Amino acid sequence: MKTFKLYSICLLEGKADSVEQKKISIEDGLIINMENPEKTWYIEAVFARTELDFFERIQREDRHMLADVVITSKENQPATMITKLKAITKLSEQISVLFEAKLAQKKGELFESVLKDLIEKGLSGEELLQEFRLQTASRIAHSQHMLDELYRSLQKNNELNL
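Number 2 in this note's numbering belongs to position 2 of the sequence shown; there are no gaps in the numbering.
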């Protein structure tokens with residue numbers, strides 16, 4: 001089992017055939033790789049109490065959610081995970097939210113998706129290289145196109161309640 005500091009989380013809510021990114025500031029958090037055969041991860045994040053209604057709605061709907069998480073340092077690339085909200089704990093001034101998760105996408109797929117999006121936008125040569133560096137360096141590498149494709153693929157499999 002390995003534990004890491006959770007630096008940020010961006011929840012991805014399914015809307016028809018696409019996802020809407022909801023970046024929520026965390027006050028503290030950790031992520032645990034259980035290193036088990038099921039490849040389970042646990043994410044525990046502390047949020048402002050103002051987010052309680054949002055998370056209670058997700059809990060009532062009892063569905064999976066995609067999440068982009070950055071661990072250890074803001075310099076790290078986000079990892080897309082399939083999450084299921086397991087518990088909400090009310091703290092004195094905040095809430096703690098526990099998710100069970102599995103990795104949904106590998107880092108190489110992320111870079112390929114960014115490159116594909118930029119080529120589809122008509123970029124080439126030096127302009128393509130500069131924009132690719134900018135997007136991957138600034139953590140905006142998870143393009144909307146890639147997230148929508150991932151969401152549709154997971155929806156099609158009908159294995160998850162998205």
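It should be emphasised that the hints constitute simulated quantities derived from the structure, not laboratory data. Bear in mind that the values here come from a model prediction, so they are computed numbers and not experimental data. Misleading hints may appear alongside valid ones.
Ranges between beta-carbon positions, derived for each pair [stated by the list, open to error]:
#, residue 1, residue 2, range
1, K22, L129, 38 to 48 Å
2, L129, K15, 17 to 27 Å
3, D53, L128, 37 to 47 Å
4, T89, L129, 38 to 48 Å
The calculated lysine-lysine pairs, modelled on DSSO-like cross-linking and capped at a C-alpha distance of 30 Å, are [as the list claims (entries may be wrong)]:
#, residue 1, residue 2
5, K156, K90
6, K116, K2
7, K86, K102
8, K84, K22
9, K2, K22
10, K121, K156
11, K121, K22
12, K5, K74
13, K121, K2
14, K121, K39
Glycine included, C-beta positions come from ideal geometry on N, C-alpha and C.
Here is what the structure says about each hint:
no.: 1; hint: K22 to L129: 38 to 48 Å; verdict: violated (31 Å)
no.: 2; hint: L129 to K15: 17 to 27 Å; verdict: violated (33 Å)
no.: 3; hint: D53 to L128: 37 to 47 Å; verdict: holds (43 Å)
no.: 4; hint: T89 to L129: 38 to 48 Å; verdict: holds (46 Å)
no.: 5; hint: K156 to K90; verdict: violated (35 Å)
no.: 6; hint: K116 to K2; verdict: violated (33 Å)
no.: 7; hint: K86 to K102; verdict: holds (14 Å)
no.: 8; hint: K84 to K22; verdict: holds (16 Å)
no.: 9; hint: K2 to K22; verdict: holds (27 Å)
no.: 10; hint: K121 to K156; verdict: holds (27 Å)
no.: 11; hint: K121 to K22; verdict: holds (25 Å)
no.: 12; hint: K5 to K74; verdict: holds (11 Å)
no.: 13; hint: K121 to K2; verdict: violated (40 Å)
no.: 14; hint: K121 to K39; verdict: violated (36 Å)
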